[in-house]
Amino acid sequence: MKRNWVRAIEGLIVPIALLLFWQAVCSLGFVDPRKLPSPIAVGLRWAAYIAPEAPFDAAKDFAPTWIFSGEFFRDAMGSLWRVIAGFVVGAGLALPFGLAMGASDTMYRYLNPLLQVLRPIPPIAYIPLSILWFGLGNPPAIFLIALGAFFPVLINTIAGVRAVDSIYLRAARNLGASQMTIFRRVILPAATPYILSGVRIGIGTAFIVVIVAEMIAVNNGLGFRILEAREYFWSDKIIAGMFSIGFIGLAIDTLVNRLNAHLLRWHRGLDS
Amino acid sequence: MTPLFVTDAPVNALKAALPAHIEVRGVSKMFRVPGGEVVALKDINLSVGAGEFVCLLGPSGCGKSTLLNAIAGFAPPTAGTITVDGRAVKGPGPDRGMVFQEYALFPWMTVAQNIAFGLEIKGQGRAQINQRVAELLETLKLTDFRDRFPKDLSGGMRQRVAIARVLALDPPVLLMDEPFGALDSLTRRSLQDELLRIWAALGKTIIFVTHSIEESIYLADRIVVMTYRPGTIKADIQVSMAHPRDGAAPEFNALKKQLSGLVMEEQSRHEQAELKALTTD
Ligand SMILES: Nc1ncnc2c1ncn2[C@@H]1O[C@H](COP(=O)(O)OP(=O)(O)OP(=O)(O)O)[C@@H](O)[C@H]1O
Ligand SMILES: [Mg+2]
Numbered sequence: 004m005k006r007n008w009v010r011a012i013e014g015l016i017v018p019i020a021l022l023l024f025w026q027a028v029c030s031l032g033f034v035d036p037r038k039l040p041s042p043i044a045v046g047l048r049w050a051a052y053i054a055p056e057a058p059f060d061a062a063k064d065f066a067p068t069w070i071f072s073g074e075f076f077r078d079a080m081g082s083l084w085r086v087i088a089g090f091v092v093g094a095g096l097a098l099p100f101g102l103a104m105g106a107s108d109t110m111y112r113y114l115n116p117l118l119q120v121l122r123p124i125p126p127i128a129y130i131p132l133s134i135l136w137f138g139l140g141n142p143p144a145i146f147l148i149a150l151g152a153f154f155p156v157l158i159n160t161i162a163g164v165r166a167v168d169s170i171y172l173r174a175a176r177n178l179g180a181s182q183m184t185i186f187r188r189v190i191l192p193a194a195t196p197y198i199l200s201g202v203r204i205g206i207g208t209a210f211i212v213v214i215v216a217e218m219i220a221v222n223n224g225l226g227f228r229i230l231e232a233r234e235y236f237w238s239d240k241i242i243a244g245m246f247s248i249g250f251i252g253l254a255i256d257t258l259v260n261r262l263n264a265h266l267l268r269w270h271r272g273l274d275s
Numbered sequence: 002m003t004p005l006f007v008t009d010a011p012v013n014a015l016k017a018a019l020p021a022h023i024e025v026r027g028v029s030k031m032f033r034v035p036g037g038e039v040v041a042l043k044d045i046n047l048s049v050g051a052g053e054f055v056c057l058l059g060p061s062g063c064g065k066s067t068l069l070n071a072i073a074g075f076a077p078p079t080a081g082t083i084t085v086d087g088r089a090v091k092g093p094g095p096d097r098g099m100v101f102q103e104y105a106l107f108p109w110m111t112v113a114q115n116i117a118f119g120l121e122i123k124g125q126g127r128a129q130i131n132q133r134v135a136e137l138l139e140t141l142k143l144t145d146f147r148d149r150f151p152k153d154l155s156g157g158m159r160q161r162v163a164i165a166r167v168l169a170l171d172p173p174v175l176l177m178d179e180p181f182g183a184l185d186s187l188t189r190r191s192l193q194d195e196l197l198r199i200w201a202a203l204g205k206t207i208i209f210v211t212h213s214i215e216e217s218i219y220l221a222d223r224i225v226v227m228t229y230r231p232g233t234i235k236a237d238i239q240v241s242m243a244h245p246r247d248g249a250a251p252e253f254n255a256l257k258k259q260l261s262g263l264v265m266e267e268q269s270r271h272e273q274a275e276l277k278a279l280t281t282d
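Here the protein sequences come in this chain order: B and S.
Count the first sequence with this note's numbering and you get residues 4 to 275, in order.
Count the second sequence with this note's numbering and you get residues 2 to 282, in order.
Don't take every hint at face value.
[What the hints assert, rightly or not] Derived list of chain B stretches under chain S, where covered just means 3 residues or more per stretch with a C-beta under 8 Å from a C-beta of chain S:
| id | segment |
| --- | --- |
| 1 | 73 to 80 |
| 2 | 178 to 192 |
[Stated by the list, open to error] Below 20 Å or equal to it, Euclidean Cα-Cα: the simulated SDA-like pairs (lysine to any residue) are:
| id | chain 1 | residue 1 | chain 2 | residue 2 |
| --- | --- | --- | --- | --- |
| 3 | S | Lys152 | B | Ile190 |
| 4 | S | Lys152 | B | Thr195 |
| 5 | S | Lys152 | B | Met183 |
| 6 | S | Lys123 | B | Phe186 |
| 7 | S | Lys123 | B | Thr184 |
| 8 | S | Lys123 | B | Arg173 |
| 9 | S | Lys152 | B | Trp269 |
| 10 | S | Lys152 | B | Leu266 |
| 11 | S | Lys152 | B | Ser169 |
| 12 | S | Lys123 | B | Ile185 |
| 13 | S | Lys152 | B | Arg188 |
| 14 | S | Lys123 | B | Ala166 |
| 15 | S | Lys123 | B | Met183 |
| 16 | S | Lys91 | B | Pro99 |
| 17 | S | Lys91 | B | Gly179 |
| 18 | S | Lys91 | B | Leu135 |
| 19 | S | Lys123 | B | Trp269 |
The hints are simulated quantities; they were obtained by calculation from the structure and are not laboratory data.
Quick caveat: nothing in here was measured; it's all calculated off a predicted structure.
For every residue, glycine included, the Cβ atom is placed at its ideal position computed from N, Cα and C.
So here's chain B without its partners, still in its complex pose (with noise of 0.2 Å):
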């Protein structure tokens, strides 16, 4: 095996290029600065996304909190926010109802049509009715992410607990293990790697659903203010608050990753 460092920098190779390519084409003026700012214009501005606003006031500042101070953090904040609250809300309503479908028979067969249906419709084409229900403001944005968040936890978790192997199952019944003992002890844990799954899927679509919701409906966060750039032909903020929501993005998944591998130390073929 490689050691990590050597790694790094074989993954750094291809992206390093990529901005000396870019940087030439708009340095040697092939294209419109306006269009397409270079790298450098670009890692200027998002300096200035990320830096505190106000100079240092050693008066009335505490310096931890002045670093963080800055419009990138005030945006990261709201846009992670919204996203934690509406996957809340969402996973939260899809565990019970995917345990029950998973679980019983009859609800399956009652709730699972309206699923497929359900299912295929993008949360993004709910915005006109959320703001039809809702307003503007956090309300019809919560409401869209919990809806991309709701639907993967859901599907898993009701997969998960169908696939429960009935051989678990049978060993518990066997050991006296009530029907309440055998959901809780055996079934929740065994259909744990799907719902983790189902999680990790849906964070990942409320992550984006929380850029398209910011996009139309609220005033600040990441997706608010790449359409805000857009709108003063910032090209080179709009480029900044991409990579941002890349790399925020990234982090989500590293520690959801971690989490899970952690869970699920006890399975087998973890792929992290």
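Starting from the structure of chain B, add chain S with the ligands where the hints point.
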């Protein structure tokens, strides 16, 4: 702490329930399949005495698992009755500990947690559970593996855990469905010896399903050979050799020859039936 089942160690440390007596009366089992019925068991009568070690032997598909599952209470027979110490079997229960070929350990629980599971269901106190688990870990030589997850254990180790898990509840009956079928021959032999030692020390009634003629002769007091479709009892043979049994002894080989003849007859019926099914399709 001393291991409990090495031959010279005191065995009364684990309080053992008295073995139970099993009566199978007129048991038949039909399965509905597309285009007809399979008669898996037909009018089985079998009486297993308390403390007896019985092997069910027969080719694949003769209904060994079906009979064991009926005794375990997983799938009730279509006709007939099964009683354990006079009480009718109504469903699965911890008085009939089942050991599966696929181990069926809960992969999200450690070795110790798997063994403790049945005791927790029973509602025992923590201290009592911990002590019992420690005893069983010692008995089955699993102490060093107590905090491992099943995925990190070999097949032989997993089956030891599965045996410890059912022994935790001290069942009067052990039902074992090809428990060592997936193990290599050395591991298999060591687990067979382990099982004989546990049986000698704790006096369980054991019904053990196997394909292997040698395994059945090595282990059992009594070998019940089954016929293929419908599943009935073809032969019921007492084995009176002393343990440990020597696979090279003339008595062992004579019995092996006799059993091979019986099993091969059923095996060829099985093959002919499959051929017929192919040609009529
Ligand atoms: N659920 C079922 N539905 C239909 N047929 C079944 C079912 N379970 C078992 N059978 C049939 O009943 C017969 C007995 O099956 P059983 O599993 O008891 O055999 P076995 O002796 O345990 O075989 P093996 O050694 O392969 O485990 C077989 O012919 C099988 O095809
Ligand atoms: Mg079988």
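Each hint, compared with the structure:
| no. | hint | result |
| --- | --- | --- |
| 1 | 73 to 80 | violated (count 0) |
| 2 | 178 to 192 | holds (count 8) |
| 3 | S:Lys152 with B:Ile190 | 18 Å, holds |
| 4 | S:Lys152 with B:Thr195 | 16 Å, holds |
| 5 | S:Lys152 with B:Met183 | 26 Å, violated |
| 6 | S:Lys123 with B:Phe186 | 16 Å, holds |
| 7 | S:Lys123 with B:Thr184 | 11 Å, holds |
| 8 | S:Lys123 with B:Arg173 | 17 Å, holds |
| 9 | S:Lys152 with B:Trp269 | 7 Å, holds |
| 10 | S:Lys152 with B:Leu266 | 15 Å, holds |
| 11 | S:Lys152 with B:Ser169 | 18 Å, holds |
| 12 | S:Lys123 with B:Ile185 | 14 Å, holds |
| 13 | S:Lys152 with B:Arg188 | 18 Å, holds |
| 14 | S:Lys123 with B:Ala166 | 27 Å, violated |
| 15 | S:Lys123 with B:Met183 | 14 Å, holds |
| 16 | S:Lys91 with B:Pro99 | 32 Å, violated |
| 17 | S:Lys91 with B:Gly179 | 13 Å, holds |
| 18 | S:Lys91 with B:Leu135 | 58 Å, violated |
| 19 | S:Lys123 with B:Trp269 | 25 Å, violated |
The structure fails to meet hints 1, 5, 14, 16, 18, 19 from the earlier list, while all remaining hints are met.
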